[in-house]
Every structure is written in C-alpha cells, then in structure tokens.
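Student: Letter by letter, the chains look like this.
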Amino acid sequence: MSEPMGPIGWINFWKPKDEWYYLAPDERRRLLAAWEAIRGHAGARGARNLGSYECRASTAWARVALWEFPNLETLTDMVDALSDAGYYQYFAEENAFGRRTEEPYLNFMVAADATASYGGE
Amino acid sequence: MTVGFVALWKNNQREYTATPRDEWGTTDAIQAAFDLGRKRGNRTYGLFACRWSSPWEYLTFWVSPSMAAVFNTIADLERAGDFKFADSLHIVGHYLPDADALTEGAWDVIPEIADGKPPPLGLVLLERRTGAAANDTIRRRQPAIPGVRLYGAFDCRFGTAWDRFVLATAEDTDALAVYLDRRERTYGGAGVETQAVSGRLTTYFRFGNHLQTELTWLNEEGASA
Numbered sequence: 012m013s014e015p016m017g018p019i020g021w022i023n024f025w026k027p028k029d030e031w032y033y034l035a036p037d038e039r040r041r042l043l044a045a046w047e048a049i050r051g052h053a054g055a056r057g058a059r060n061l062g063s064y065e066c067r068a069s070t071a072w073a074r075v076a077l078w079e080f081p082n083l084e085t086l087t088d089m090v091d092a093l094s095d096a097g098y099y100q101y102f103a104e105e106n107a108f109g110r111r112t113e114e115p116y117l118n119f120m121v122a123a124d125a126t127a128s129y130g131g132e
Numbered sequence: 286m287t288v289g290f291v292a293l294w295k296n297n298q299r300e301y302t303a304t305p306r307d308e309w310g311t312t313d314a315i316q317a318a319f320d321l322g323r324k325r326g327n328r329t330y331g332l333f334a335c336r337w338s339s340p341w342e343y344l345t346f347w348v349s350p351s352m353a354a355v356f357n358t359i360a361d362l363e364r365a366g367d368f369k370f371a372d373s374l375h376i377v378g379h380y381l382p383d384a385d386a387l388t389e390g391a392w393d394v395i396p397e398i399a400d401g402k403p404p405p406l407g408l409v410l411l412e413r414r415t416g417a418a419a420n421d422t423i424r425r426r427q428p429a430i431p432g433v434r435l436y437g438a439f440d441c442r443f444g445t446a447w448d449r450f451v452l453a454t455a456e457d458t459d460a461l462a463v464y465l466d467r468r469e470r471t472y473g474g475a476g477v478e479t480q481a482v483s484g485r486l487t488t489y490f491r492f493g494n495h496l497q498t499e500l501t502w503l504n505e506e507g508a509s510a
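Protein chains in written order, with our numbering: chain A, 12 to 132; chain B, 286 to 510.
Bear in mind the hints are in silico, worked out from the structure with no lab data behind them. Remember, predicted model here, so these are calculated numbers, not experimental data. Just so it is clear, CB atoms sit at the ideal spot from N, CA and C, and this is done for glycine as well. A few of these clues could be false.
As a list, the in silico EDC-like pairs of lysine to aspartate or glutamate whose alpha-carbon atoms are at most 16 Å apart [unchecked claim]: (1) K369(B) to E79(A); (2) K369(B) to D459(B); (3) K28(A) to E478(B); (4) K402(B) to D459(B).
Computed far set for chain A versus chain B, every beta-carbon distance over 12 Å [said to hold, decoys possible]: (5) P15; (6) G17; (7) K28; (8) D37; (9) G51; (10) R56; (11) C66; (12) L77; (13) P81; (14) G130.
Which chain B residues face chain A? A few, computed with CB under 8 Å, are given here [unchecked claim]: (15) Y301; (16) G310; (17) T312; (18) M352; (19) R364; (20) K369; (21) H379; (22) D383; (23) R434; (24) F443; (25) G444.
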C-alpha cells in the first residue's frame, strides 16, 4: 500500500500538432467530444479544472490549463485514457505536477536556520 | 506503484565560497536524508559525472516504491539545505511493465567500478512520439546489448514534455553507443524524438574545487543494497 500523496496540482501546457489542422471537421468534433468525456470522468472523480488560459505571448505553448486532482491516480488515469483516445497524436503537451502543501516556506526556514547554525556565512 | 526518479544537477557559486562548517553540516544532513530515503525503500544507482556530456554536472537515478517516498525524500533534502548549493532538474515517472526494458535482476545491482576497467556509464534516455506516430511506436523491443543493463522504462507524460524515460548503465562507451544505435534503428521513420544524458560513474562527490574524499558515496549506497 503506497503512502498517501494528498491533492495534486497540475500545470498543463498544450498546443495542436500539425496533423490536427488536416483532420476532417466531423473527426475533429468526434475527438473533442471523446476527450471532453474523459476529462468529465476525471471531474466526476474529484478533479477540478480551474481554467484554460491563452499563453502564446509568454511561452512556446498555445494554452495553459490549471488543474487540481484529489490524487495522482486520477491524473494518470486521465492522461492514459486521453492517450488511448488519440489525444497525443494531435496535441503536444508539457506538464508539471506537485503535491499540495499548506506550508510552502517551512522547509526553507529549516534549511536557513541550519545554515545559520553552521556560522551563517 | 514503483517509481523511477532522475536527478540532474549542477553546483552554483555558493559551493566555492561555503565554509567547511557549512559544507560538512549540510553534507551530513543530506546523508541523513538519503539514509531516511533508503529506509523508505529508495534505491540509488550511482553518482555519474556528466559535465563532459551535458549542461549538468551530475546525474543519478533511483527506483522507489512510491511517489510519496520520492516526495518525502526531496522534502528532507530541502530541509537539509541540499538545494542551496545546486540547481537541479528532477524527472519522475511510473514504472511501465515493459519487460524488454528491464534486465533481469537489475534493481539488485548497484553499479561499481571494477579493477582494471573504465568506470561504467549511466544513461537516462527521454523519448516522445512526434507527428502522428502510433501509441506503441516507442514500446518496441529493446535491443539486448552485451554490457548494457536496463533499469526499466517509466511513464512521465503526466509531469514532463516527454512520454517516458529509460534508465540504463553500460560497461563502456562502445556498449552505450551500440545500444543507442540499435535503439534508434527500431524507431525507423515512425517519428520518435529522444534526448539522452550519460555520465561516468564516480566514487567521490566534487564540492566546489575539491573532492569529498572523506565520504565514499558508492560505499554508502552499496552497503544498503
């Protein structure tokens, strides 16, 4: 039994691959609906999509979506299901994830205190 | 779920000006954090010097019993002050049941420098599909190359811009080159992009301009294997 990880934050940068632009309209609509159903299933398991943002002005990507998942399994199941449904054939991504902390500065206070105890120079 | 973890890091300017007390106080705290990590089940497969082959100074990789074991060890390293002396890139992924990417018994083997032989090389190979390549393009049969030990393939799509990574050691540069060459041929024209970082196994950690010969990194890892 794995140790619990707590809620997972997910930053999802994405953009279409070239192939996307050459799909037939019906196929594009079918794929979007299939992928949205997969995301909806993650939502039913407790995932929250906080929003999608246009980010070409400041990154190499077209959009960034911010999510929080109740656990890592819900996130990886969603990514696996999207993969099975052809999402990564038509869209590229760069992702980052982390576990939620209520004390984001605590470790660095501890480390700085230890450094001070070594002489602080 | 079994997890693979890759750390690439490079020292910063602070390493050159730290006092001996800061160096060794922090080093002791880091070793205590690693020891706790070993108790959690983390297995570390060597310290590889990679200034000669990459933008980084060192490469190491772990196989861990869970994501929490990795996160808790990183948190311990943060509290120890590990990251005040280096800039790091970490990659983590879930083990993929791809038997061809895991040499039998590899997780029980801590790389060592054998008498009269060159230090073994460590390798992390990042892979992703490009274009409209099929889902299974990358998961093709891994070439079994004499002198190359594979430590598994790991799914990292959910946390990086890559689909997966493979961890390996090679007894010398020839074996590594043959492995990468054969691997490339299995891709064919299907559209797979790769990035490799390789390093040479080293016994002592370099802190600033000196080697920490008081600390035998490999022996610590070997003793817990």
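Student: Please go over all the hints and tell whether each is borne out by the structure.
Tutor: Verification of the hints:
no., hint, verdict
1, K369(B) to E79(A), "29 Å, violated"
2, K369(B) to D459(B), "37 Å, violated"
3, K28(A) to E478(B), "14 Å, holds"
4, K402(B) to D459(B), "13 Å, holds"
5, P15, "7 Å, violated"
6, G17, "9 Å, violated"
7, K28, "7 Å, violated"
8, D37, "18 Å, holds"
9, G51, "18 Å, holds"
10, R56, "15 Å, holds"
11, C66, "15 Å, holds"
12, L77, "15 Å, holds"
13, P81, "14 Å, holds"
14, G130, "5 Å, violated"
15, Y301, "13 Å, violated"
16, G310, "4 Å, holds"
17, T312, "11 Å, violated"
18, M352, "6 Å, holds"
19, R364, "4 Å, holds"
20, K369, "7 Å, holds"
21, H379, "6 Å, holds"
22, D383, "14 Å, violated"
23, R434, "27 Å, violated"
24, F443, "5 Å, holds"
25, G444, "5 Å, holds"
The structure does not agree with the numbered hints 1, 2, 5, 6, 7, 14, 15, 17, 22, 23 stated previously, though it agrees with the rest.
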